[in-house]
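Novice: Residues per chain are reported as follows:
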Amino acid sequence: MELLSGAEMVVRALRDEGVKYIYGYPGGALLHIYDAIFTQDEVEHILVRHEQAATHMADAYARATGKAGVALVTSGPGATNAVTGIATAYMDSIPMVVITGQVMSHLIGEDAFQETDMIGVSRPIVKHSFSVQRPEEIPEIIKKAFHIAESGRPGPVVVDIPKDMTTPTERYEYEYPKSVKMRSYNPIMKGHTGQIKKAVDMLLAAKRPVIYAGGGVIMGDASEQLTALARELGYPVTNTLMGLGGYPGTDKQFIGMLGMHGSYEANMAMHHSDLILAVGARFDDRVTNGTDKFCPTAKIVHVDIDPASISKTIKADVPIVGPAQAVLKEMLDQLHAAKKAPCADSLKAWWEQIEEWRGRHGGRFKTDDSELMKPQQVIEMLSKVTNGDAYVCSDVGQHQMFAAQYYKFNKPNRWINSGGLGTMGFGLPAAMGVKLNFPEEEVVCVTGEGSIQMNIQELSTISQYDIPVKVICLNNQSLGMVRQWQDMNYESRHSQSYMKSLPDFMKLVESYGHVGIKVERYEDLEGAMREAFALKDRMVFMDIAVDPFEHVYPMQVPRGSMRDMWLSKTERT
Amino acid sequence: MRHIISVLMENEPGALSRVVGLFSQRNFNIESLTVAPTEDETLSRLTVTTVGDDRVVEQITKQLNKLIDVVKVVDLTEGDHLERELMMIKMKANNGTVRAEIKRTADIFRGTIIDVTPNTFTVQLVGSSSKLDAFIEALGTSNIMEVVRSGVSGIARGEKVLTL
Ligand SMILES: Cc1cc2nc3c(=O)[nH]c(=O)nc-3n(C[C@H](O)[C@H](O)[C@H](O)COP(=O)(O)OP(=O)(O)OC[C@H]3O[C@@H](n4cnc5c(N)ncnc54)[C@H](O)[C@@H]3O)c2cc1C
Ligand SMILES: Cc1ncc(C[n+]2csc(CCOP(=O)(O)OP(=O)(O)O)c2C)c(N)n1
Ligand SMILES: [Mg+2]
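Protein sequences, first through last, are from chains C and L. Residues 1 to 573 (this note's numbering) are what the first sequence spells out, left to right. Residues 1 to 164 (this note's numbering) are what the second sequence spells out, left to right.
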């Protein structure tokens with residue numbers, strides 16, 4: 001057997017796990033590991049400009065592929081800079097392995113230089129964490145970290161490695177385990193057949209059904225099964241923000257996103273339904289609105305891999321614990337075996353009702369006479385120019401909601417955004433993480449002039465590694481989402497939501513060697529966007545001036561039911 | 001309602017802090033908590049008493065089960081069970097009447113006097129939490145100098161066991 005130092009084992013284990021890129025930033029506690037990285041070329045290290053970006057790159061890779069991304073950060077400030085990224089992944093159940101350097105084990109607890117109790121700091125935002133006690137454990141711990149991160153309900157795992165575990169002169173036998181077993185961790189592989197039977201009976205008997213599918217369908221690789229089941233039944237499908245792309249966005253059975261900024265028809269259909277089939281969705285407060293008023297006539301079938309997601313906020317009538325893919329497949333099999341179809345008349349009446357809703361308010365924004373471009377128009381154009389086929393990585397704010405509402409996602413894993421934590425600054429590093437791994441694909445970052453400045457330093461990383469992402473900055477010169485709430489709830493007192501002294505983004509990106517394109521009129525938009533995408537090998541930053549007064553609608557009325565919505569600045573349901 | 005939840009977990013550093021952290025992170029309440037290794041030295045057993053409605057307690061058991069270090073969780077209050085807590089209580093006992101009174105009350109509650117000085121008695125008492133409460137009430141708080149309680153341990157009645 002080969003003898004390797006702890007540092008070499010870390011790198012070798014990553015290679016043996018099939019990792020191509022790791023994203024990180026060096027520091028004292030990691031110097032042995034960085035030396036081990038230097039002497040091989042199978043695992044490529046991407047040097048970011050801030051550790052937060054490393055975690056978002058790893059996270060976005062995971063969102064695009066389902067496999068855990070890897071970040072490497074040093075002890076103390078390196079580790080704490082990674083915290084936002086770990087929390088972002090945790091809230092959206094994204095698999096990630098974060099290796100953090102630690103001070104030498106004999107110094108732990110002594111307030112040593114750059115010491116932070118990272119196991120403690122990260123405890124509430126990880127699926128699990130490991131602290132290496134002996135160098136020989138490294139291969140097994142890394143194997144376990146990937147296994148835990150990727151299986152069951154995915155999530156981030158932290159591996160904290162004291163520097164003396166990686167000493168180059170101390171060598172140990174290295175073997176990477178093919179698999180690991182843990183007596184206390186056995187993710188569930190299939191759903192309960194009896195419960196699935198109950199669900200199928202209820203689905204067949206339903207008169208006003210809705211399928212409500214979330215991020216679990218994306219991360220659980222179940223969009224094929226979801227689409228097949230929905231088509232077989234002919235039922236309407238709504239997606240959460242995290243579930244977009246799980247069902248084709250241009251399909252006529254798709255009724256849009258639901259929730260706070262969901263479509264009128266999706267929220268109305270939910271409210272009036274008699275049966276909700278929830279798959280891989282967690283009845284988040286941005287979805288349910290007031291839980292006491294939630295869908296008063298609906299029975300709920302809830303499929304989720306995590307029993308704790310079921311009946312957490314809304315009680316399920318039929319809980320089904322299991323992976324979406326296996327459960328949906330079994331539902332489909334049982335449905336075929338039952339040789340029954342839903343009642344055609346009720347379904348027809350239900351669709352007529354939904355079409356009526358769709359016709360009444362279906363997702364239109366008003367283009368008034370002003371010169372100002374509407375942000376929605378930009379997203380529609382983006383959808384057109386990229387054929388709805390790009391990886392769209394978003395930041396957080398109004399632009400994120402517009403992207404969710406107006407980009408038509410037909411494929412899973414292509415809409416990449418921070419939903420649960422809502423992390424401004426996510427978009428650019430996320431786009432970089434995706435582009436690096438899918439160089440042939442169009443990768444876009446939709447952002448605002450506020451969010452982009454939270455990780456703008458990564459323009460430098462983009463230069464170093466030639467990562468030609470396209471940035472679509474919806475520049476409304478304000479923290480639009482905050483401003484909207486202030487308009488609606490604080491009599492337009494715009495406390496600190498106005499962005500003064502914005503940089504000249506053109507000059508800024510040019511100084512990093514990238515291309516800047518500024519657009520101020522709608523007439524110029526399509527041409528400019530096509531020009532940007534034609535520059536295949538260049539990073540292009542499109543600074544697009546949009547109406548600063550625009551609001552995101554629909555918007556649910558706080559603590560109301562699903563159907564209580566503002567539809568414009570003046571109309572309410 | 002009050003629940004007694006028993007947890008079997010890996011006897012590893014950090015496991016306890018994950019359990020305790022979970023309770024504060026998720027706003028679950030802890031009335032008492034005990035933990036010690038079991039006959040199998042790779043496992044420890046933790047007992048936590050908590051108060052919450054069915055929905056909260058369901059979340060508590062589900063969230064505990066999700067912790068990677070946790071091997072098994074059972075809500076003992078769902079079935080017949082035994083609960084015991086140990087208390088040591090130090091009291092002023094500086095005259096004959098008080099000493100006799102404490103001794104008599106301790107006898108009624110099957111407590112034992114485990115330490116004596118000219119001015120103090122220390123009584124040990126084992127029982128359910130409510131029995132310990134009743135003992136304190138019976139003695140009155142005026143003579144109490146110090147109370148230490150172990151927190152609740154519990155076990156199912158009959159043949160049911162919590163093992164691997
Ligand atoms: C500004 C802003 C506005 C927002 N507005 C909205 C809005 O209008 N509408 C909206 O929907 N969201 C909105 N969100 C997002 C919201 O906060 C939540 O992140 C989102 O609703 C959660 O999506 P989800 O229910 O699909 O769950 P996710 O967070 O994606 O969780 C996935 C669920 O699936 C389960 N799961 C994982 N893997 C599997 C598997 N293999 N099989 C089965 N189950 C699995 C998990 O256990 C979990 O319960 C907004 C966010 C921001 C920042
Ligand atoms: C790190 C972080 N800080 C604060 C917030 C709160 N917040 C949500 S949206 C928003 C404004 C975003 O502004 P911008 O990026 O310009 O997007 P816009 O809403 O204008 O489209 C803020 C401050 C957040 N989500 N993340
Ligand atoms: Mg803005």
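To be clear, the hints were calculated from the coordinates, so they are not data collected in a lab. Just so it is clear, CB atoms sit at the ideal spot from N, CA and C, and this is done for glycine as well. Check the hints yourself; a few may be wrong.
Derived EDC-like pairs (lysine to aspartate or glutamate); straight-line CA-CA distance at most 20 Å [what the hints assert, rightly or not]: (1) C:Lys312 <-> L:Asp75; (2) C:Lys312 <-> L:Glu58; (3) C:Lys143 <-> L:Glu10; (4) L:Lys62 <-> C:Asp284.
Selected chain L positions facing chain C (Cβ under 7 Å, derived; list incomplete) [said to hold, decoys possible]: (5) Gly21; (6) Gln25; (7) Lys66; (8) Val71.
Novice: Hey, Lys312 (chain C) versus Asp75 (chain L), does the alpha-carbon distance stay inside 20 Å?
Specialist: Holds, at about 18 Å.
Novice: Double-check Lys66 (chain L) for me: the hint is only fine if its C-beta lies closer than 7 Å to a C-beta in chain C.
Specialist: With a closest approach of 6 Å, the Lys66 (chain L) hint holds.
Novice: Given Gln25 (chain L) was flagged as interface, is its beta-carbon under 7 Å from a beta-carbon of chain C?
Specialist: 5 Å, holds
Novice: Regarding the pair Lys143 (chain C) and Glu10 (chain L), is the alpha-carbon distance no greater than 20 Å?
Specialist: Distance ~19 Å between Lys143 (chain C) and Glu10 (chain L) Cα, so the pair holds.
Novice: Is Lys62 (chain L) within 20 Å of Asp284 (chain C), Cα to Cα?
Specialist: 18 Å, holds
Novice: Go through the hint on Val71 (chain L) and say holds or violated, using the shortest Cβ distance to chain C against 7 Å.
Specialist: 4 Å, holds
Novice: Per the CB criterion, is Gly21 (chain L) less than 7 Å away from chain C?
Specialist: Gly21 (chain L) check passes; min Cβ-Cβ to chain C is 5 Å, inside 7 Å.
Novice: Has the given pair, Lys312 (chain C) with Glu58 (chain L), been kept, meaning a C-alpha gap of at most 20 Å?
Specialist: 9 Å, holds
In summary, the structure agrees with every hint in the numbered list given earlier.
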